[in-house]
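Given chain A, work out where chain B should sit, using these hints.
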Amino acid sequence: MRQLETTLGECLDALLQGATVEQCLARYPGQADELAPLLGLAAQIAQTRPLTMSQAGFERGRSRVRAAIAQARAERAAAAPPHGPIRALVARLSPQEHQPERSPTGWLDAALLTAIGLAVTVLVIMTSPTNSPLYPLRSLPEKAVAWLLGTPGPVEIVRPIATDHPPTPTAGPTVTPTEPLSSDTPPVSITVVTVATATPTSPSGSTTSTTTGATPTWTPNSTTHVIPGSVTSPPTQTAVLTHTLFPTPTTTYAPSATITPSPTRTPSLTWTVEPPTTTPVPAETPVATDTPSPRPTSTVPPTRTPGVSPSPRPTSTPLPTHPPLPTATAARSSALSSLRLVDEVQLTRREYAVFRTWSPDGTFILFTVPRPPEAGDPNDREIWVMSRDGADQRQLAAGQSPTFSPDGQRVAYTAGGPAGRAVWIVPVVGGEPQRVVGEAGRQAFWPTGDTLLYSTVEGLKAVTLTPAGTLAGKPEVRVPLAGLVEEPQYVRWSVAPHGGAAVFGAGSRWWVARLAPGETPQLYELPVRLDVSYAWTHDGTAFAFAGAAESFGSGLYLMGAEGSGPRLLVTANWFSSRGVSGMIKSLTWAPDGSVLVVEWWSGRSSEDSLVYVADRAGRFQPLDGLGAHENLHWSPDGQVMAFHRNGNIWLAHVEGP
Amino acid sequence: MTRSTLKTTISDEDMAHLLQRAQRYDLSALDRLYELYADRLYRYVWYRVRDADLAEDLAAEIFVQVIQSVPAFRISARDTVAIFSGWLFRIAHNYLYHFYRRREREETVTLPAERPAETMDLTRLVEDQEREEALHAAIASLPEAQHEVLILRFWERMSHAEVGKVMGRSEGAVKVLQHRALAALRRILAPCEAEASQ
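In order, the protein sequences belong to chains A and B.
Take 1 as the starting number for the first sequence in the numbering used here and just add one per residue.
Take 1001 as the starting number for the second sequence in the numbering used here and just add one per residue.
Some hints could be false.
[Stated by the list, open to error] Distance ranges between label pairs, derived from CB positions: (1) B:Arg1074 with A:Asp13: 48 to 58 Å; (2) B:Ala1145 with A:Ala516: 54 to 64 Å; (3) A:Thr52 with B:Ala1145: 35 to 45 Å; (4) A:Gln23 with B:Ala1161: 16 to 26 Å; (5) B:Pro1143 with A:Ser577: 28 to 38 Å; (6) A:Gln23 with B:Glu1144: 29 to 39 Å; (7) A:Asp13 with B:Pro1071: 32 to 42 Å; (8) A:Leu112 with B:Ala1161: 50 to 60 Å; (9) A:Gln55 with B:Leu1027: 12 to 22 Å.
[Claimed, not checked] Far from chain B, some chain A residues (derived; all Cβ distances over 10 Å): (10) Glu22; (11) Ala68; (12) Thr363; (13) Gln409; (14) Gln434; (15) Arg578.
Treat the hints as calculated values from the structure; they're not laboratory data.
C-beta: ideal position from N, C-alpha, C; glycine also.
Next comes chain A alone, as it looks inside the complex (with noise of 0.2 Å):
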């Protein structure tokens, strides 16, 4: 007979789930006498209502807490290094603050200071770059070599990387403001760019030189070290990030593949660029008071070899580079200020609902629901569906992150059970729900609609569905993951709208895989790591998100399909100096790509929101309309925005261009 503690701990799992004493006993019918009273008093125990604290007690650890947070947040101010070596040696040295430790022995720690002052100025000089005013310092004694040695002419010298190995694009990003960071221009753009290593002299002994061309360039028998962007600063100057995954042939992207993203709806990859236009006064330009100052390029260094076997094939071609992301026009300034938000309508009634996602066509609304924690998987909630206009509200199914098919006919989303979760597809006129695959994270259609995409322990596995919905064939990788990331079926992912490219990534480290029909998928990491808001247009050409790179802090940032040009709209600080701390917690597009409305949430409630229109220039004005908006949904067709308001999802038209 099984262990009386193994049996009573899965009817405890049971009970807590919803099941009765009774279904509990009725399953272990040898042990039923024993289970009962232990049974009972476990029902009556998850039924007792919990102790709770006076509100005086409350009220005390609150003003308790308080007090600590204010300490952390000083001690972490005052740990903050200085601003600049100057700025430090100024406080180490201030008679005012350091009066009462001074000894008769302080002019030896003066003198000892200014040695290392002075080691310190040299070593600074010594390792400035090009672009530093304090390298004309550093290149007088090179000079002085130089004229020594009888070498004609002025000669710039890039400071290489020196290396012992061969050439080779090693790709270690770049980070570099490339316009000047004022109040009129608060984009930041962050300019990634590859650094090819190269031997300090060539082996003809000749000097290395600057470029000034555009586009970083490599070439495997030049011994030119090259870093664009440094040194001329092309308005929206874009390059590559950084490694290229290369799967073991196991797991190729291979050329039957079924994820083959049909013309009609696959948009070309190539970009439309608009040349960078002056930019106008905006109406609102958000200041960026915590801007970075511009400093040397930093390289960030180089990213973890993923976990699968490299492949041999020489990587001497330049990685691609990608054209800037289209610049706003004038015309769409004015977008800015004239849309607004009227004729508020509330669509649901419920204790709390949850705006999932628009059907293609934008006729109905995906929602989600609490439901009883004894219903099952504590994860899973109620999956409702009703029209546009709220009416002909019904449940599809229990389960999580549903999404809809791309002809809207289907709805497919994860569910928990006793083997863990599975993904599921319902049709949205409701119907039996399918099992299709086990094991899964998240999952999304594939924008052909004939395949399935999921996350899995691996990586991001596809499997071709009929038009039933249901297996077609065998579930492959497309996205090998494993030893790339910790716990692949956890990480966060988003597939562009024309199938070409995906971002995926967990805590820090995020990457953009493209995803060419019949081609291995490439990997780059990104040099940003993104929080919980992100939005593709709907033609899949850039996506906007919440997130942070270690140079430029928090805010609002876009970039291409491919990861190209992640550029900085606004900071975080911008929102906070309007009054309101918090973060970005919904983003979402007009239909036309123009513009997006940006919200940005305290953490308290929906009438602490603020919520912008923002264009891709990074030129914000407030969304006109009722206030109290959470989490706003642009309707496919641009009439309407979904919104959340005290738990239940409301409606509004957009006025406006």
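Frame of chain A; chain B shown alone:
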């Protein structure tokens, strides 16, 4: 905002938002975390000390520890609420362990809790509220590991594995503890059940 109107549940997505802000010491985010967990920490402590004032103070102290540690918490992409709760109660578990170790060394303070009683006089407890109070008292009279497993299982709704992580024990050990706790509680409450059935 009064406590009765505070929302005490949060979705995984909202929790991820909240934790990201909390890691930057955002006051409103940490305030919200306190609102979410104050009562839960309180009851976790109360069964150990059986003293409301002390439990309130210790709950606040534990939450201060949480604040100091929250920048190091790794926000997961999934099950954010459950994972954070497990992490937070692990801090509480360790705090109480060291708190009692310290008190034992100092030997100056008597523990407020009376240790297990064999049975309780519950013959007059007929009202629901009184029965609930009796149940709380009975749970608190259990050995600390036993009442801890009951709190985490039945009120925090943690799985055996999650309880094991908080308490630093194996899943099997948690099941054994759970069985012993319920059996002991039944012995304590037996007179009450007999009274109620009459």
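**OP:** Please name the hints from earlier in the document that this structure breaks, with their numbers sorted from lowest to highest.
**Re:** Failing hints, ascending: 1, 3, 5, 11.
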